[in-house]
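Engineer: What follows is each chain in one-letter form.
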Amino acid sequence: MKQPILELKGIHKSFPGVKALDNACLNVYPGKVMALMGENGAGKSTLMKVLTGIYSLDEGEIFYENKQVNFTGPRHSQEAGISIIHQELNLIPELTIAENIYLGREITNAFGAIRWSVMFDEAQILLDRLNVKHKPSQLLGELSLGEQQMVEIAKALSFKSQIIIMDEPTDALTETETASLFTVINELREEGYGIVYISHRLKEIFEICDDITVLRDGKFIAERQVAETDEDSLIELMVGRRLDEQYPRVESKHGTKCLEVKNLSAADIDDVSFTLDHGEILGISGLMGAGRTELMKVIYGAMPRHSGQILVEGEAVNPRSSQEALAHGIAYISEDRKGEGLILGLSVKENMSLCSLKQLSTGVQLDHGAEVVAVEDFIRLFNIKTPSRNQIIGNLSGGNQQKVAIAKGLMTRPKVLILDEPTRGVDVGAKKEIYQLINQFKKEGMSIILVSSEMPEVLGMSDRILVMHQGRISGEFMTDDADQEKLMACAFGHNIMEKTA
Amino acid sequence: MNNKVITNQEGPKARGLINKEWFIEQKSLIALIMLIVIVSFLNEYFFTVDNLLNILRQTSVIAILAAGMTLVILTAGIDLSVGSILALCGAFAASMISMEIPVLIAVPVALLGGAALGSMAGVIIAKGKVQAFIATLVTMTLLRGVTMVYTDGRPISTGFTDVADAFAWFGTGYVFGIPVPVWLMICVFSGIWYLLNHTRFGRYIYALGGNESATLLSGINVDRIKIGVYSICGLLSALAGIIITSRLSSAQPTAGMGYELDAIAAVVVGGTSLMGGKGRITGTLIGALIIGVLNNALNLLDVSSYYQMIVKAVVILLAVLVDTKHK
Chain A
1 MKQPILELKG
11 IHKSFPGVKA
21 LDNACLNVYP
31 GKVMALMGEN
41 GAGKSTLMKV
51 LTGIYSLDEG
61 EIFYENKQVN
71 FTGPRHSQEA
81 GISIIHQELN
91 LIPELTIAEN
101 IYLGREITNA
111 FGAIRWSVMF
121 DEAQILLDRL
131 NVKHKPSQLL
141 GELSLGEQQM
151 VEIAKALSFK
161 SQIIIMDEPT
171 DALTETETAS
181 LFTVINELRE
191 EGYGIVYISH
201 RLKEIFEICD
211 DITVLRDGKF
221 IAERQVAETD
231 EDSLIELMVG
241 RRLDEQYPRV
251 ESKHGTKCLE
261 VKNLSAADID
271 DVSFTLDHGE
281 ILGISGLMGA
291 GRTELMKVIY
301 GAMPRHSGQI
311 LVEGEAVNPR
321 SSQEALAHGI
331 AYISEDRKGE
341 GLILGLSVKE
351 NMSLCSLKQL
361 STGVQLDHGA
371 EVVAVEDFIR
381 LFNIKTPSRN
391 QIIGNLSGGN
401 QQKVAIAKGL
411 MTRPKVLILD
421 EPTRGVDVGA
431 KKEIYQLINQ
441 FKKEGMSIIL
451 VSSEMPEVLG
461 MSDRILVMHQ
471 GRISGEFMTD
481 DADQEKLMAC
491 AFGHNIMEKT
501 A
Chain B
1 MNNKVITNQE
11 GPKARGLINK
21 EWFIEQKSLI
31 ALIMLIVIVS
41 FLNEYFFTVD
51 NLLNILRQTS
61 VIAILAAGMT
71 LVILTAGIDL
81 SVGSILALCG
91 AFAASMISME
101 IPVLIAVPVA
111 LLGGAALGSM
121 AGVIIAKGKV
131 QAFIATLVTM
141 TLLRGVTMVY
151 TDGRPISTGF
161 TDVADAFAWF
171 GTGYVFGIPV
181 PVWLMICVFS
191 GIWYLLNHTR
201 FGRYIYALGG
211 NESATLLSGI
221 NVDRIKIGVY
231 SICGLLSALA
241 GIIITSRLSS
251 AQPTAGMGYE
261 LDAIAAVVVG
271 GTSLMGGKGR
281 ITGTLIGALI
291 IGVLNNALNL
301 LDVSSYYQMI
311 VKAVVILLAV
321 LVDTKHK
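Top line first, the protein sequences correspond to chains A and B. So in our numbering, spot 276 of the first sequence is number 276, and the numbers just go up one at a time. So in our numbering, spot 213 of the second sequence is number 213, and the numbers just go up one at a time.
In short, the hints are calculated from the structure, not lab data. Among the hints, erroneous ones may be present.
Claimed, not checked - Short derived list, chain B residues pointing at chain A, Cβ under 10 Å: (1) I55; (2) Y194; (3) T199; (4) N211.
Treat the numbers as computed from the prediction; the structure is a model and nothing was measured. Cβ atoms here follow ideal geometry from the backbone N, Cα and C, with glycine treated the same way.
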């Protein structure tokens with residue numbers, strides 16, 4: 001049996017009112033990639049924070065290189081050789097690559113002056129090793145997100161880390177960037193590093209990982225070898241129940257035409273036309289940077305329109321602001337929940353009602369009673385797990401935050417609901433609930449645009465699919481005629497079908 | 001679905017949370033009470049009705065400025081121009097009174113003037129996309145200059161007419177034994193409290209300070225909110241200017257210099273975050289009172305004014321440190 005380099009045994013950690021970790025365990029083996037899986041709120045992040053000393057543990061032991069350890073903080077664990085690469089990168093765009101790698105421990109001479117040439121040389125060695133084709137003197141902000149992640153890895157390597165923890169590393173990466181990340185992970189594995197890979201994407205787990213540890217409700221559930229398991233049994237382990245069908249598509253009769261977009265052009269959008277019926281789900285597929293979000297924002301009035309028309313139920317609305325779009329029944333749920341979707345410092349209630357306060361007030365005065373009723377209705381309907389409607393939303397898990405974001409859009413009673421990556425960073429259980437909700441709205445006759453980078457999601461949920469490439473529509477399919485290969489081909493711009501409006 | 005179970009389970013937890021928040025909010029109040037108790041032991045005159053009313057009256061000007069400043073800071077902005085607006089509107093009011101323009105016209109006109117001057121900064125910030133610090137630094141300097149030009153650097157007396165006597169009521173009058181400035185302060189804080197807690201505008205202020213792009217994407221006219229808060233802040237600065245001018249029966253061209261910093265200090269001591277989106281108007285009132293009590297106590301205790309500044313700085317630092325510890 002292989003000997004773990006890092007062992008976390010029987011970790012317990014409680015916060016006031018919550019048992020975050022309840023006998024959680026994790027083994028990391030040298031030269032292996034360990035997947036750490038579980039629904040949001042299962043305790044993955046907490047476990048990593050306990051490991052790196054951000055939180056102190058209540059009970060349990062951590063063995064590193066066969067010695068019991070107790071890290072006092074991230075600095076301590078990092079110096080011992082455990083590096084963590086967070087979902088949100090901790091880099092400074094205004095500094096150079098080399099400065100970022102050596103931030104806080106710059107190579108200096110006896111007088112404290114930075115020895116730039118030495119630092120650049122050292123950084124260059126790290127970058128070469130990771131196959132990053134940039135000079136260490138380049139500003140970090142000029143790099144793509146995937147390349148920035150490589151800089152984080154370089155930083156981890158510069159600490160002579162034995163263990164590298166990656167938290168949702170591919171969330172913001174394009175397919176090509178993901179591929180090159182995997183190449184690097186494979187190389188690190190061969191060089192004997194122990195890697196912990198946290199991700200919601202099952203496909204990636206099976207592609208890159210050797211072993212899987214599953215947590216549920218803070219408890220250790222199982223450690224499996226990837227070779228011995230499959231997606232279904234893994235999902236079952238994570239949610240503790242069987243998920244019958246991942247995408248519960250419902251057939252429903254389409255109604256009349258609801259949204260029509262005619263020859264729409266804007267920055268990064270080039271002559272786009274499509275229609276959408278009541279009770280229809282239109283999937284929008286495409287690679288990152290294909291202009292999907294931009295198109296949605298133009299329709300929502302959040303980005304300027306150059307030419308073309310946007311009609312709702314036959315009436316030209318052409319919104320110039322989000323306010324106008326909402327007034328005409330177009331609601332948009334942003335892909336960037338934390339940046340543009342929610343106000344993290346405000347409560348569940350305040351976030352949810354924000355777009356609908358006009359309906360929830362008499363004159364200038366807020367009708368607190370009506371607001372509470374409306375919010376509680378949605379909390380129940382969406383099965384949002386929150387201690388109360390007054391909970392600060394930043395304290396909820398990603399899935400529950402997303403549900404609030406969707407509820408916020410729905411409260412405006414839109415005719416057209418635009419969901420931009422509605423399940424990004426959301427765990428399997430909550431995902432399914434969100435799908436069910438979307439289907440429910442569809443049945444009620446709402447028109448839904450579903451923008452998603454996950455092809456199975458688009459294929460599983462939509463009635464019709466548009467594929468975008470470089471600001472244009474490069475393909476349109478009825479779902480029954482579509483498959484991943486066809487969508488992919490269009491996403492890469494092959495087989496462009498010129499469509500007339 | 002098992003919705004019912006969840007709501008039932010989480011009822012008590014919700015109440016516990018409110019309790020904790022409530023307690024944290026009372027922290028600055030506890031500090032204020034402790035300060036009052038300690039000073040009462042050190043000086044027998046301190047805890048008398050006369051002196052307490054005196055403190056409230058002295059505090060009212062800074063408190064009214066701080067009330068407006070709270071709105072601005074909640075949107076993650078800052079307004080350095082309050083002192084200049086105070087001086088200019090005070091001078092404007094004084095010259096109107098000296099021309100025997102009736103109080104009922106002069107005062108509203110001066111207040112609206114303040115709102116207009118404040119909105120100027122708001123427009124520069126919202127439409128010109130200039131940082132609040134820079135925009136209000138510009139208007140602060142500009143309006144102080146205008147005040148100097150307008151007054152020719154000399155005080156403007158309100159004169160000795162009946163109109164001037166009526167005008168003096170704002171600074172020196174009493175209603176039910178309580179000074180008029182204190183009543184005005186109470187009205188201002190009640191109004192702002194209502195605005196923040198019971199109107200859409202108030203909710204939007206918190207939203208804007210918490211996350212501007214999310215607020216914009218929620219279909220809210222962010223520019224209007226920004227211009228609104230700076231206008232209100234300007235209006236309240238003018239009110240403070242009227243109180244001071246009325247009390248002294250003359251407008252000083254240098255009035256209100258440095259008051260912006262006292263107002264900001266009161267807001268911060270009251271627990272409002274300079275990052276925006278978090279804070280309460282009751283906190284600002286307590287913050288202003290802490291600073292007011294401290295000023296009064298140091299005077300009563302015969303501490304030299306040089307040392308007073310040092311003590312004030314230490315108290316503000318302590319208040320802010322305690323506040324960040326709790327977050």
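Engineer: Would you pick out the hints that fail for this structure and give their numbers low to high?
Structural biologist: Per hint list: single violation, 1.
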